[in-house]
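J.: Sequence:
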Amino acid sequence: MSLTYDILRKNFNKSVPNELALPEALHKITRIGDADAAMEVTTSEDLKTVTEISITTFDDKIETTFYKLFVDGLEGGMGWSSVNFYQAAMATLKDHQAHTGTNSQGISAVHSWADNQMTVTIDLN
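Taking the working numbering, I'd label the letters of the sequence shown as residues 4 to 128.
Check before you lean on any hint, since a few could be wrong.
[Claimed, not checked] Taking lysine-lysine and the DSSO-like style, the derived pairs with C-alpha atoms no more than 27 Å apart in a straight line are:
#, residue 1, residue 2
1, K31, K13
2, K51, K31
3, K64, K13
4, K51, K64
5, K17, K51
6, K64, K97
7, K97, K51
8, K64, K17
[Claimed, not checked] Label pairs and their calculated CB-CB ranges:
#, residue 1, residue 2, range
9, T105, A38, 17 to 23 Å
10, A28, Q100, 20 to 26 Å
11, A28, E55, 17 to 23 Å
12, D37, M93, 18 to 24 Å
These aren't lab readings, by the way, just hints derived from the structure by calculation.
Idealized CB from N, CA, C, for every residue including glycine.
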């Protein structure tokens, strides 16, 4: 799937609070979030195409900033919603193993566990 940063920013930003909005100016890695959860958007060398999105959170903070970033911003704003993402997240929180959820558009979100944190990675290469 090919996704430009501009399209991600436009759709994501309309679904999250201003303090979590993706900035217009970008870098190879653009980071947003707070102490509860952080999202990194990695782009291609030309800074136009998004290659990876990852969000990291603590298990007791999943209903705070993580929810706004992943559920509201990516699932809602981008139209990527999937019960498979939720099931993978709950499985990872339960057994601290990696689980993958794939939506109807073929987008896969790998949920992994390390250092008492869950990281969800979407590879768009």
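J.: Each hint should be assessed against the structure and marked as holding or not.
T.: A quick look at each hint next to the structure:
Our distance criterion of 27 Å between C-alpha atoms is met by K31 and K13, whose separation comes to about 18 Å. Taking the CA atoms of K51 and K31, the gap is about 9 Å. The hint holds against a cut of 27 Å. Our distance criterion of 27 Å between C-alpha atoms is met by K64 and K13, whose separation comes to about 26 Å. Our distance criterion of 27 Å between C-alpha atoms is broken by K51 and K64, whose separation comes to about 31 Å.
Among the hinted pairs, K17 with K51 is consistent with the structure: their alpha-carbon atoms are about 20 Å apart, no more than 27 Å. Between the alpha carbons of K64 and K97 the distance comes to roughly 14 Å, so the proposed pair stays at or under 27 Å and holds. Straight-line distance between C-alpha atoms of K97 and K51 comes to about 37 Å, which puts the hinted pair past the 27 Å bound. For the proposed pair K64 and K17, the alpha carbon gap of about 23 Å is at most 27 Å, so the pair holds.
As the Cβ distance of T105 to A38 is approximately 30 Å, the hint placing it in 17 to 23 Å is violated. For the hinted restraint 20 to 26 Å between A28 and Q100, the CB-CB distance of approximately 38 Å leaves it violated. In this structure, A28 and E55 meet the distance hint of 17 to 23 Å, their C-beta atoms being roughly 19 Å apart. In this structure the hint that D37 and M93 lie 18 to 24 Å apart at CB holds, the actual value being about 23 Å.
Hint compliance for this structure: hints 4, 7, 9, 10 are broken, all remaining hints hold.
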